[in-house]
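So the mapping is simple: the numbering used here equals the position in the sequence shown, first residue as 1, plus 2.
No lab work stands behind these hints, which were simulated from the structure alone. Incorrect hints may appear among the rest.
[What the hints assert, rightly or not] Within a straight-line C-alpha distance of at most 25 angstroms, the following computed DMTMM-like cross-link-like pairs (lysine to aspartate or glutamate) qualify:
id: 1; residue 1: K138; residue 2: D67
id: 2; residue 1: K86; residue 2: D67
id: 3; residue 1: K83; residue 2: D121
id: 4; residue 1: K108; residue 2: E160
id: 5; residue 1: K119; residue 2: E137
id: 6; residue 1: K108; residue 2: D170
Keep in mind the model is a prediction, meaning the values are calculated, not measured.
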Amino acid sequence: MEQAVDRQTGKRCRGFLSSSLASAHACGICSLRQLKPDERQNHLGQHILRWLLGMGDLLNIHLSDYPCGFCGGSDCQLAMKGQKWTSTCSLSYNFRASTAGQSTDKRPSSNIPIICKLDGCREVHWKYNFPKHLEKRHAGWQDTIMPSFVNELQVSDEEQRRIGIRDDLRRPWLVVPVTGSKRTLSDISNITGPPTTKRKT
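Build the full structure now, drawing on both the sequences and the hints.
As structure tokens, then:
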């Protein structure tokens, strides 16, 4: 996959781009040619969720375990500086996470950068990438995760519907067994990670 370089910032982006940053206004996954710069997080988020849940229109696309929420590529990194997050993606831009993290009919994707609150981890990942992060980095996370953090990572059935996930493919996002006296069924929302079936590459 070809890397693009932003001439102003020098950032490199190994995303779904053609060889020129003239394509920065286009989506490299679908045929949309005029993607508004401030719509990239919402637009790419919809592609990523559809891919994770096995929508057939994207099964010929291979995304990494941690696709960038701006370009869909594999090399972009997120970090926190003070109260603000930064990205190495050449297509990144600032947006209000408190607003972008709410799924609406107009902007259905809630895929935003989130700090991991488990075991002092503090790594920053895109919301839709957290099932894979928990699986790889935090063995036994189901026993220690706080209900408030589960809710922060939630991708609701309504959000999946807004993004066009078929009824037979919509499902809970993470599965957290209810154990111990501190938790009840109403405390924890069930969510599952990406499907484990092998996709075409």
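**OP:** Quickly compare the C-alpha distance for K86 and D67 to 25 angstroms and report which way the hint goes.
**Re:** This hinted pair holds, its Cα atoms lying about 24 angstroms apart.
**OP:** Verify the proposed pairing of K83 with D121, using a straight-line Cα cut of 25 angstroms.
**Re:** holds (20 angstroms)
Original post:
Is the Cα-Cα distance between K119 and E137 25 angstroms or less?
Top reply: holds (14 angstroms)
Subject >> Pairwise hint evaluation, E160 against K108, where the allowed Cα distance is 25 angstroms at most >> reply: holds (13 angstroms)
Original post:
K138 and D67: Cα distance at most 25 angstroms?
Top reply: Holds, at about 10 angstroms.
Subject >> Restraint check for K108 with D170, where alpha carbons must lie at most 25 angstroms apart >> reply: holds (23 angstroms)
The earlier numbered hints are all upheld by this structure, with none contradicted.
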